[in-house]
Amino acid sequence: MADKSSAGAYWAANVRVIAISMAIWFACSFGLGILLRPALSGIHVGGADIGFWFAQNGSIYVFLILIFVYAKVMNGIDRAHGVEE
Amino acid sequence: MDQFTLNLIVIGASFALYFGIAFWARAGSTAEFYAANQGVPPVMNGMATAADWMSAASFISMAGLIAFGGYNNSVFLMGWTGGYVLLALLLAPYLRKFGKFTVPEFVGDRFYSTGARLVAVICLLVISITYVIGQMVGVGVTFARFLEVSTTTGLLIGSAVVFAYAVFGGMKGITYTQVAQYIVLIIAYTIPAIFISLNLTGNFCRSWASSGAMRRPVAIPTSWTSLTRW
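Heads up: the sequence lines are chains C and S, in that order. The first sequence begins at 1 in the working numbering and counts up by one. The second sequence begins at 1001 in the working numbering and counts up by one.
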């Protein structure tokens, strides 16, 4: 890590990525799967309403994508700030 | 060859595999014991983590929970899998960058606090004990079925096996035995899923499905229901 401001910028970028990821993480599981399920009960996916699908299936796909995207984005940020392994 | 002999051969072969891996991967240093010298390839690590997810508790009870509870039990699915996202985002990268072996070590050093370390240890114990109780009940039930012993004896045999390969092999041994378990588990998950779907949709060789061959009740050996042999 080069200097203090670079370290601050790196951490800010890191926290931003985490915040966005956690927002998606919450929205797709607790949001779509539980809170919004009654509101979305008209929409059907594969024979079940979309809230049920998100609770049983969809959120897990989103989690998988999140982890891969997070790893890729963080590697990019690491490289941009010169702290990659 | 009867069912019991077959069980013994299959279980013996998988135990031999796990012990073989543990012996091959035996640890020589602390870094090797806790972190396999950071020498485990990412895909192998992923397979081992997936085997953790698909462990006895999920294999035996998750399917039943979802089948009987339906939507209400999807919290378990989301919670178990969502936890991995938390781990990947909030803990794993920093643990790795910090170069410590265990979470309490990391928490204690990072926050310069023995109190925080103590809290981490207590959390760790609560989580581990809850997890191990579930897994060990699963181990006991499974071994009792396969080896036709009482649940307690099954549990003791299972924990002895796990203890042996964990102590000899350290993290590398555990990781590679889990890779082997991953392959076994993914096959064991996929086969029934495929055949149940084929059976439900009738898409698999219609004449066979309509002949009722797949709907014929399976004769359960009496030894399974009367349980113990010894």
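A portion of the hints provided could be inaccurate.
[Stated by the list, open to error] For each label pair, taking beta carbons as the anchor points, the in silico distance ranges come out as:
#, chain 1, residue 1, chain 2, residue 2, range
1, S, Leu-1198, C, Tyr-61, 19 to 25 Å
2, S, Cys-1123, C, Tyr-61, 39 to 45 Å
3, S, Gly-1039, C, Asn-57, 32 to 38 Å
4, S, Leu-1118, C, Ile-43, 45 to 51 Å
5, S, Gln-1003, C, Ser-41, 46 to 52 Å
6, S, Val-1121, C, Trp-11, 43 to 49 Å
7, S, Met-1001, C, Val-83, 55 to 61 Å
8, C, Asn-57, S, Thr-1153, 47 to 53 Å
9, S, Gly-1070, C, Glu-84, 44 to 50 Å
10, S, Asp-1052, C, Ser-41, 43 to 49 Å
11, S, Gly-1069, C, Tyr-61, 20 to 26 Å
12, C, Tyr-61, S, Gln-1003, 37 to 43 Å
Hints listed in this document are in silico derivations from the structure and should not be mistaken for laboratory results. Beta carbons: idealized from backbone N, C-alpha and C, even for Gly.
Results of checking the hints against the structure:
1. The hinted range of 19 to 25 Å is satisfied by Leu-1198 of chain S and Tyr-61 of chain C, whose Cβ atoms lie roughly 24 Å apart.
2. Against the hinted window of 39 to 45 Å, the Cβ-Cβ separation of Cys-1123 of chain S and Tyr-61 of chain C comes to about 29 Å, which falls outside the hint.
3. Remark: the range hint 32 to 38 Å for Gly-1039 of chain S to Asn-57 of chain C is upheld by a beta-carbon distance near 35 Å.
4. Against the hinted window of 45 to 51 Å, the Cβ-Cβ separation of Leu-1118 of chain S and Ile-43 of chain C comes to about 49 Å, which satisfies the hint.
5. Distance hint check for Gln-1003 of chain S and Ser-41 of chain C: the Cβ-Cβ separation is about 47 Å, which falls inside the suggested range of 46 to 52 Å.
6. Checked against the hint of 43 to 49 Å, the pair Val-1121 of chain S and Trp-11 of chain C fails, with Cβ atoms roughly 28 Å apart.
7. Checked against the given bound of 55 to 61 Å, the beta carbons of Met-1001 of chain S and Val-83 of chain C, roughly 60 Å apart, stay inside it.
8. Taking 47 to 53 Å as the suggested C-beta distance range, the pair Asn-57 of chain C and Thr-1153 of chain S does not conform, at roughly 39 Å.
9. Hint check: Gly-1070 of chain S to Glu-84 of chain C, Cβ distance near 46 Å, so the stated range 44 to 50 Å holds.
10. The beta-carbon spacing between Asp-1052 of chain S and Ser-41 of chain C, approximately 35 Å, falls outside the hinted interval of 43 to 49 Å.
11. Remark: the range hint 20 to 26 Å for Gly-1069 of chain S to Tyr-61 of chain C is upheld by a beta-carbon distance near 21 Å.
12. The beta-carbon spacing between Tyr-61 of chain C and Gln-1003 of chain S, approximately 39 Å, falls within the hinted interval of 37 to 43 Å.
Going through the hint list in order, the structure does not satisfy hints 2, 6, 8, 10.
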